[in-house]
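Chains as they are written, first to last, in the working numbering: chain A, 25 to 297; chain B, 9 to 326; chain C, 2 to 315.
Treat the hints as calculated values from the structure; they're not laboratory data. Beta carbons: idealized from backbone N, C-alpha and C, even for Gly. Watch out, some of these pointers could steer you wrong.
Straight-line C-alpha distance at most 35 Å; calculated DSBU-like pairs for lysine-lysine [to be verified]:
1) Lys291/C x Lys217/B
2) Lys18/B x Lys105/C
3) Lys71/C x Lys233/B
4) Lys291/C x Lys9/C
5) Lys105/C x Lys67/B
6) Lys188/C x Lys217/B
7) Lys237/B x Lys291/C
8) Lys217/B x Lys29/C
9) Lys131/B x Lys87/C
10) Lys131/B x Lys188/C
11) Lys168/B x Lys105/C
12) Lys217/B x Lys105/C
Facing chain B, a subset of chain C residues (Cβ under 10 Å, in silico) [said to hold, decoys possible]:
13) Gly41
14) Leu54
15) His84
16) Val89
17) Tyr91
18) Lys107
19) His117
20) Gln189
21) Leu193
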Amino acid sequence: MKKNISLILGIILVFIILGIWVLSFVRMPYNPNEMNISNRFLGPGLDRDHVLGTDNFGRDILSRIMYGSRNVLLVALVSVTLGSLVGIFLGALAAILKGPVEKIIMRIMDGLMAFPGILLAMMLVAVLERGIKGSIAAISIFMVPVFSRLVYSMILDTENLLYIKAAKSYGSSKKQIFFKHYIPAMLPRLITQFSSSMGSAVMIETSLSFLGLGIQPPYASWGLMLSESRQFFLNYPYLAVAPGIAIIITILGFNLIGDGLNDILINRGSNHE
Amino acid sequence: MLSYVLDRLKSSLVVLFVVSIITFFVLMIIPGNPAQLILGTDATPEAIAELSSAMGLDKPLYQRYLSWLLDLLKLDMGKSYVYGESVTSLIARSIPVTFSIAIFAMTMAVIIAFLFGMLSAIKKNSIIDYFSRSIMQLGTAIPSFWIGMVLIVYFGVKLKILPVSGFVPIERGFAPFIKSIFLPSLVLAIGEVGTLLRIVRSSMLDSLKQDYMDMARVKGLGWGKIYIKYALRGALTAPLTIIGMQLAKLAGGTTVVETIFALPGLGRLVLTAVEHRDIVLLQGLVMFITSTVVFVTLIVDILVMLFNPRIKSFHQGE
Amino acid sequence: MNNTVELKNLHIKAGNTSLVYKTSLIVKEGEIFGLVGESGSGKTLTAKAIINLLPQGLTYTADEIITVGKNMLTASNEEKRDHIGKNVGYIPQNTVFYLHPLIKIKNQIGDGYIQHTHKTKQEALEKAEMLLSKVGFKSPKTILNYYPWQLSGGMRQRCNIAMALMNDPKLIIADEPTTALDTTVQKQVMELFKAINEEMKLSILLISHDLGLVKRYSHSLGVMYAGQIVEAGSASTVFDEPKHPYTQLLIKIIPSLNIKKNEPLTEIPGFVQDKDRDSQGCLFYNRCPKAMDICRVKVREHMKEDHYYRCNLE
């Protein structure tokens, strides 16, 4: 098999972020929330005490990036997991039961898809509390129609395949057919979608935090760090560099893994496109 | 043709109906009494009760939904408590801002995506192809708020050639107008160009493999004819659909960019409504934005159909 | 008499796999040359090499490729494209997608003509109308306004023929021009080719798996097997005195001959090999009823006047 550059690069990037995340539990150079006004706006440098510098409150940026990775990854992972589970369940329910259940579920999904970009997440945040829980709930709901539509159309496609018909004629129960035939047939696409959705979840989480609708200060979150740096970054541009790069690496990593898996699992062979 | 349009129109209306139910009932579970929110914490219980009944809050939910829906159809979306102004006029005032940057952004994205998408498909695995594929990945991975901040520093502060905040209406001159929307549009365009470029490239690759390309070559046509008249013509359907979806998305998904560049558009209104839990305003905005999305999508679907005569004939039942 | 196509020792490879090996053929001016063989024998690739249309990813070498007086081995890509466009008409086998589905006939039939003759679109359409009525359309004007998918298979094929004739070519390459057409239409199309050939004195390279059809219409023919021409010559010689066992077998089974696309010939046991096509032995060895041990490693090429065959038998 030809080397899959996207997948390799994606795995490397995600490993970098996961490394930072694991390290944040082991040891951080400073307390991420400790303010020290006399140390504010120290520039970055490898030979300095604060490798990535300090912010307007004198907090260590590297420690805040490390601490922030916990929130970003937690929110992304939990919400994509929740959203995909609910989405798969609803999509499968609609495709298998058909009739009015199918109509109602799929119309609701159409409705949810009509909310562009982060509008749905913002509307939900208005209702829920701001913070980790609110973000998780909002992003989970955002993910539901993505997965339910995918599963729905895959089941309808797979249904036409011979082996399902054969299984039906052998008298397997609906549940058996679902777990024995549909799930293996759908797994490659679901895994691919999961990885790309992690990328979008990180994008939404950081956007919400940036807008002040996500994780609240004084806790560290990458989007929030960028938002707090807005007042100062004209004079201290380095403030925006580290969180920006952290976000890009994370999203790029998950997207590349999604693309790479797509090439390997779905477009086997014809992947150079 | 007509039956197709009617069909699509019907399903669009169903979607909007579902959206109205979601919007109304989701925003109903907001904690706290809206009358209390409006009057503030030191209001007397009597005043709150009076306002509640004036707002119809004491009626059953389905009745409130129906009267809200009826008002909505009359374009009466109520009064924002933050601004103390009718939601309809607030929206009307913000439309030019958001639509200007959305359309300008899509224009930029379309030009870049088609240019690089076509070149990269024609010269597959060349330097330009790798460059385009990098744009594809980076475009979708770079957050708009970050690229926006970078552009502000570079163009606005270092080069001082473009304004970094505020909106100049087109009535005050075309050049200042374009200048004021250039950077925000560029940020949006960067966010959309990756997806579009990917679609253009893959449709183009697909089209280049088709038999009609052999025919165009064997006829000895020039490169322009071969690649634009034949290859591109066969590769337009999917990109057109995506452009429609992106345009629709931008019509309501510009909150972040409007915040960075301090533009008084729809996105800013959404943010204010969410921050202050101004339900009436948020309900109106959500309904307006989703309707825009649904109708832009509808129009693009119809355009794609007109453009692709095979779909047309399929619906004519030929 | 001049030759319209001269091809010597063509060798087409996909990576390291040979698809066509040591193939030579000559199409004389004004003749119909039939190229017969089963599916996968390399007929289409050979024809595509002649008109510079090999798909990307394939490489080829040859001692000589001269198409309508132009040396295709030394010409630049631009020159080749221009020369082929002016002088060769191509009628591919599957006409559904060879005509661009989203472009009306009138907008694709004449663009090659306009390109090469610098005439106006109006003049191109007039010529197209003339040719469309020549290929049997009663109301060419209406045809011009159709999209390809609004026409039947036979109509599309005739449009393609008209399009191929736009530049008064010296050579027409017709690749299985009658596949997918019903028998009456098949006959009409073939008679049309015959008429064009006689009237306009142009050469036709007719690619077909149908030996009966080739016998009926061509002046000369080449029989291809596993990427090689195993026998070639004038139609009378090859059909009266076939030398190669493969040709002999084919001729014997003509009456019942029913070679379907993409299916092996069941009348001759075994399969066409797709590996080691550049072997020095005979590629028909494993299916040949008269095979000898020597055939595995070596094969003799015979050239008696115009009659060519490669076989160790006399």
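Margin query: Just to be careful, I want the Cα atoms of Lys105/C and Lys67/B compared with a cutoff of 35 Å; is the pair within it?
Written below: violated (62 Å)
Would the pair Lys18/B and Lys105/C pass a check requiring their Cα atoms to be no farther apart than 35 Å?
Holds. Lys18/B to Lys105/C sits at ~32 Å (cutoff 35 Å).
query = Holds or violated: Tyr91/C as interface residue toward chain B, Cβ cutoff 10 Å?
reply = Hint on Tyr91/C: holds, closest Cβ of chain B at ~4 Å, below 10 Å.
- Could you grab the alpha-carbon distance between Lys131/B and Lys87/C and see if it respects the 35 Å cut-off? holds (26 Å)
Practice problem: May I ask you to test the interface hint for Val89/C with respect to chain B, counting a Cβ-Cβ separation under 10 Å as satisfied? | Solution: holds (7 Å)
query = Can we keep the Leu54/C interface hint, with Cβ of chain B closer than 10 Å?
reply = Status holds, d = 6 Å.
Does the closest beta carbon of chain B sit nearer than 10 Å to the beta carbon of His84/C?
Holds, because the Cβ-Cβ distance from His84/C to chain B comes to roughly 8 Å (cut-off 10 Å).
Satisfaction of hint between Lys217/B and Lys188/C, Cα-Cα up to 35 Å:
OK: Lys188/C and Lys217/B at ~31 Å, within 35 Å.
Point to revise | 35 Å Cα cutoff - pair Lys217/B, Lys105/C | key: Holds, at roughly 20 Å.
- Task: Would you settle whether the hint for Gly41/C is holds or violated, based on the nearest Cβ-Cβ distance to chain B being less than 10 Å?
- Result: violated (19 Å)
* Interface hint status, Leu193/C versus chain B (Cβ within 10 Å) -> violated (19 Å)
Would you mind confirming whether the straight-line C-alpha gap from Lys168/B to Lys105/C stays at or under 35 Å? Roughly 52 Å separates the two Cα atoms, so the pair is violated.
Of the numbered hints given earlier, the model fails hints 1, 5, 7, 10, 11, 13, 18, 20 and 21; all others are met.
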